[in-house]
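Protein sequences, first through last, are from chains A and B. Each residue of the first sequence is one higher than the last, beginning at 1 in the numbering used here. Each residue of the second sequence is one higher than the last, beginning at 493 in the numbering used here.
Since the hints were made in silico from the structure, they are not lab data. Be careful, since some hints might not be right.
What the hints assert, rightly or not - Taking lysine-lysine pairs in the BS3-like style, the calculated list, with each CA pair at most 25 angstroms apart, reads:
(1) A:114 <-> B:598
(2) A:57 <-> B:829
(3) A:80 <-> B:606
(4) A:104 <-> B:743
(5) A:87 <-> B:598
(6) B:572 <-> A:114
(7) A:57 <-> B:546
(8) A:22 <-> B:549
(9) A:106 <-> B:743
(10) A:98 <-> B:579
(11) A:80 <-> B:598
(12) A:134 <-> B:514
(13) B:626 <-> B:673
(14) B:590 <-> A:87
(15) A:98 <-> B:598
(16) B:841 <-> A:260
(17) B:673 <-> B:701
(18) A:297 <-> B:546
(19) B:841 <-> A:57
(20) B:606 <-> B:590
(21) A:80 <-> B:590
(22) A:22 <-> B:626
(23) A:104 <-> B:572
(24) B:590 <-> A:251
(25) B:673 <-> A:330
(26) A:251 <-> B:598
As the list claims (entries may be wrong) - Here are the in silico distance ranges between beta carbons for each label pair:
(27) B:504 <-> A:59: 39 to 45 angstroms
(28) A:313 <-> B:550: 31 to 37 angstroms
(29) B:781 <-> A:99: 47 to 53 angstroms
The beta-carbon is built from N, C-alpha and C at its ideal position, and this holds for glycine as well.
Protein chains: 2
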Amino acid sequence: MSKEITSRAQDYSQWYNDLVIKGELADYSAVRGCMVIKPYGFALWENMRDALDKMFKDTGHVNAYFPLFVPKSLFEAEEKNAEGFAKECAVVTHYRLKTDPNNKGKLMVDPEAKLEEELVVRPTSEAIIWNTYKTWIQSYRDLPILVNQWANVVRWEMRTRLFLRTAEFLWQEGHTAHATKEEAIEETVKMLHVYADFVENWMALPVIKGVKSESERFAGAVDTYCIEALMQDGKALQAGTSHFLGQNFAKAFDVKFSNKENQLDYVWATSWGVSTRLIGALVMAHSDDEGLILPPKIAPLQVVIVPIYKGDEQKKIVDEKADEILANLKSLGVRVKYDDNDNTRPGWKFAEYEKKGVPVRITLGARDLENSHVEIARRDTREKELIHTDGLAQYVDGLLRTIQRNMYDKAKQYQQEHITEANSKEELIELLDNKGGFISAHWDGTPETEEAIKDATKATIRCIPLDNKQEAGVCVWSGKPSAQRVLFARAY
Amino acid sequence: MSKEITSRAQDYSQWYNDLVIKGELADYSAVRGCMVIKPYGFALWENMRDALDKMFKDTGHVNAYFPLFVPKSLFEAEEKNAEGFAKECAVVTHYRLKTDPNNKGKLMVDPEAKLEEELVVRPTSEAIIWNTYKTWIQSYRDLPILVNQWANVVRWEMRTRLFLRTAEFLWQEGHTAHATKEEAIEETVKMLHVYADFVENWMALPVIKGVKSESERFAGAVDTYCIEALMQDGKALQAGTSHFLGQNFAKAFDVKFSNKENQLDYVWATSWGVSTRLIGALVMAHSDDEGLILPPKIAPLQVVIVPIYKGDEQKKIVDEKADEILANLKSLGVRVKYDDNDNTRPGWKFAEYEKKGVPVRITLGARDLENSHVEIARRDTREKELIHTDGLAQYVDGLLRTIQRNMYDKAKQYQQEHITEANSKEELIELLDNKGGFISAHWDGTPETEEAIKDATKATIRCIPLDNKQEAGVCVWSGKPSAQRVLFARAY
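Looking at chain A on its own, in the form it has when it is part of the complex (with noise of 0.2 angstroms):
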């Protein structure tokens, strides 16, 4: 049996580690930033994305793949993006090894065998992509292009952590070209809500949807929209974001098209994207101390049935009757595993299933089930019942969608609680420190502003929600007037 897992209130950050590790979502790899997602974890994984690619498909895009490396050349041709992603991108320079001669059984990197142009692991593909688009393009009967692609991207930051921030992680990327501006506009603001859509009723995680600040701004994006989740510590996570693009990249790629009246004009581009780190923001919003807890609606194992009894006669009762129950959950499309492992003890099985987060426990007791009774336990309230066993699949289900709405409006209450308004310098820094969550304060409009309270007190701007109410005021920071209050919180 794996150690205890470390309480919130004894150090967050190690609570959190420990329900990824314990959890067996994924572990450490030997590549520094790396992390390798365990069976577990990419079930979980997996049905986050085929919940989202539905999503993808049924608002009408399709998916592509496009090269891992982007030379060096194309990477820098928009300027913004290449100045944002330089820093921290890992370069392929060369295409071959060989022995190294001075270090018997090692290798070495073949001096001979360096690349002409340096290839960047692709740290987000709108480069690439768009140098293609280039060559689909042509006249206004080629769009929209709706692309979306499933990949991995390697961004090198120098402090990780599983899940919130790797090296490498896995995301989705949607890479659209429009004929009009506004039709771009449209379509990111449609992604917007598709992702607040997925997070709130897949992750049952509340968002608020917004505007970045200019500073805020994805590299190369001419608005960036975003979702912000909080998470229990008070802090808030970027949980997903969709970018207006604008004619940029189509002008630093060379991207036009013939329009209706048959005049040369830019493409308009969107791309947005959500990444494993959607994960961690899973993990750090609904778990508690003995381990995770799983929305229903994604988790990989929706419930686990253990079996107690002595004795080969109970044992056969008892498996009888689990059988029974496992063919009218499934029949129900629910995700269920009778564990009737007989190396581990029953209690063992219960601490293993909390910490995992399996949503529904059914202990089949060959005592309770003389009186045709079966222990339900919830793991979002660690609620137990005795249920009768006539109904009980359909019982169950049932208690799959109470605990999927449950966990979402908890999650919602804790973010209400967690929106408070400030109207001084002082209000802004006491709120921060000893609430956290959303701040809503009139700011000024200017990065200086934003910056000056970021140095302070380190938190930044995390969006202008969309239909913001207009409202005249002063800024906390600055004292200059204000059209509107904007939400400042710490953040992951």
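Got chain A; can you put chain B on it based on the hints?
Positioned in the frame of chain A, the structure of chain B alone reads:
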């Protein structure tokens, strides 16, 4: 309308490239040897991937994800594997670009950001995975590990061809760990059968299952099992491999377990993979001079409906009928599209969907509809027939199955007609030059003879078929004694 497709007779190799590019499966990219998989090609890959993934899960495997990079010290640990891949690997040496002071707007590798240890972009993942398994495996209770990974890999090939041989490609790689040699061999063979099942029943492509000769083995394997398919030009194509790795990787990475007798032993390994190369095989095996011919079970689009009408009144009748047929086919799970784009004429559409290999075309002519008939065109045989609209969906659904079977049967017949025995050097050469296909011939079992045959004829031993007939004879090349015939062929 895109240019015509080169005929097979004219230039087989160009015909293949035309199909891939004009059929919109893939395209060249700005990165040497890397391709862009276009949406239509990727939809095909998704169907293949999903079918395989289900087969892997049905045989007890789970997915996981391991790092893209392999530190050089791990890469070189298993000597033969390292030797096999060192000559063609992309190497990351730096983790940052910086502004080039001598070249405005350009970036350069930052010499101060040199990695302490070079990272190899994975050409295959045995090294990184077995280095991880070391921490997962202590006891026989931790075994077997049945893990698969869907990933991109990079092998710096000098002569590349779309799908068949690209610097980066997509694949799956299974990596399993076992307590006994027998169990590992059983797994190796089981996955070979899974591959054969998939290629035959989904891709409609018959294969020969066998074992590679020593010199054709995977670098680091004890035995390599393979499935070999035959292309229309008589050349063979290795469609999948499954390796019994013995204890080679366990020894290289010191992965030991305590067995049931509480003794320490090295773990037994297998690995197995298929890649986007399969798409190349699919294209070359089935297509004709008009374009692709895709097997219905994996075709992105199974049925296309094309309307022919004049004027609004006819259009209304045709549209209504199309909607009805569309709904009926969809309810049967058929992937179908109604192409009512009026920017292109029916003749153009016919050619376009032929080129793209859509198995069935339904032409809805206003005239035919007056008699409750529609025209059905099969892509595989190019036969057309008038069919009554009553029960049309069921008919088409059945036709898709017929086409799938017919494609397999045709390929099987071709394969059977192209397995020929040769009993002398002259016969072997004559058959290779004038007929192609698999040549079944006696071989003395030595790598020297194998090499001599390859040098003289460009043919390699494709495999020693499973359950090969043991039959004493003399080697066609050396005249030395031979215990069995093996299959020679020129290959992709």
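How the hints compare with the structure:
1. For a cut-off of 25 angstroms, the pair hint linking residue 114 (chain A) to residue 598 (chain B) stands: about 19 angstroms separates their Cα positions.
2. A C-alpha spacing of about 15 angstroms is found between residue 57 (chain A) and residue 829 (chain B), which places the hinted pair at or below 25 angstroms, so the restraint holds.
3. For the suggested pair residue 80 (chain A) and residue 606 (chain B), the alpha carbons sit about 24 angstroms apart, so the restraint of at most 25 angstroms is met.
4. Restraint check for residue 104 (chain A) and residue 743 (chain B): the C-alpha separation of about 18 angstroms stays at or below 25 angstroms, so the hint holds.
5. Taking the CA atoms of residue 87 (chain A) and residue 598 (chain B), the gap is about 14 angstroms. The hint holds against a cut of 25 angstroms.
6. Restraint check for residue 572 (chain B) and residue 114 (chain A): satisfied, since their Cα atoms lie roughly 24 angstroms apart, inside the 25 angstroms limit.
7. As the CA atoms of residue 57 (chain A) and residue 546 (chain B) are separated by approximately 21 angstroms, the hinted pair is consistent with the 25 angstroms bound.
8. Of the supplied pair hints, the one linking residue 22 (chain A) and residue 549 (chain B) holds, its CA atoms being roughly 24 angstroms apart against a limit of 25 angstroms.
9. Restraint check for residue 106 (chain A) and residue 743 (chain B): satisfied, since their Cα atoms lie roughly 17 angstroms apart, inside the 25 angstroms limit.
10. Distance restraint check for residue 98 (chain A) and residue 579 (chain B): the Cα-Cα separation of roughly 7 angstroms lies within the 25 angstroms cut-off, and the hinted pair is therefore satisfied.
11. The hinted pair formed by residue 80 (chain A) and residue 598 (chain B) meets the criterion: a straight-line CA distance of about 12 angstroms does not exceed 25 angstroms.
12. Between the alpha carbons of residue 134 (chain A) and residue 514 (chain B) the distance comes to roughly 17 angstroms, so the proposed pair stays at or under 25 angstroms and holds.
13. Between residue 626 (chain B) and residue 673 (chain B), the direct Cα distance comes to roughly 18 angstroms. Compliance with the 25 angstroms bound is thereby established for this hinted pair.
14. Simply put, residue 590 (chain B) and residue 87 (chain A) have alpha-carbon atoms about 7 angstroms apart, close enough for the 25 angstroms limit, and the pair holds.
15. Distance hint between residue 98 (chain A) and residue 598 (chain B) is unfulfilled; the C-alpha atoms sit about 31 angstroms from each other, more than 25 angstroms.
16. Between residue 841 (chain B) and residue 260 (chain A) the CA atoms are separated by roughly 23 angstroms; this keeps the pair inside 25 angstroms, and the hint holds.
17. A distance of roughly 21 angstroms separates the Cα atoms of residue 673 (chain B) and residue 701 (chain B); the hinted pair therefore holds under the 25 angstroms criterion.
18. A distance of roughly 20 angstroms separates the Cα atoms of residue 297 (chain A) and residue 546 (chain B); the hinted pair therefore holds under the 25 angstroms criterion.
19. Between residue 841 (chain B) and residue 57 (chain A), the direct Cα distance comes to roughly 24 angstroms. Compliance with the 25 angstroms bound is thereby established for this hinted pair.
20. A hinted pair counts as satisfied when its Cα atoms are at most 25 angstroms apart, and residue 606 (chain B) with residue 590 (chain B) qualifies at roughly 12 angstroms.
21. Of the pairs offered as hints, the one joining residue 80 (chain A) and residue 590 (chain B) holds, with about 13 angstroms between alpha carbons and a cut-off of 25 angstroms not exceeded.
22. This hinted pair checks out: residue 22 (chain A) and residue 626 (chain B) have alpha carbons roughly 17 angstroms apart, not beyond 25 angstroms.
23. Restraint check for residue 104 (chain A) and residue 572 (chain B): the C-alpha separation of about 14 angstroms stays at or below 25 angstroms, so the hint holds.
24. For a cut-off of 25 angstroms, the pair hint linking residue 590 (chain B) to residue 251 (chain A) stands: about 23 angstroms separates their Cα positions.
25. Between the alpha carbons of residue 673 (chain B) and residue 330 (chain A) the distance comes to roughly 35 angstroms, so the proposed pair goes past 25 angstroms and is violated.
26. As the CA atoms of residue 251 (chain A) and residue 598 (chain B) are separated by approximately 17 angstroms, the hinted pair is consistent with the 25 angstroms bound.
27. For the hinted restraint 39 to 45 angstroms between residue 504 (chain B) and residue 59 (chain A), the CB-CB distance of approximately 41 angstroms keeps it satisfied.
28. At about 34 angstroms, the beta-carbon gap between residue 313 (chain A) and residue 550 (chain B) stays in the expected band of 31 to 37 angstroms.
29. Checked against the given bound of 47 to 53 angstroms, the beta carbons of residue 781 (chain B) and residue 99 (chain A), roughly 48 angstroms apart, stay inside it.
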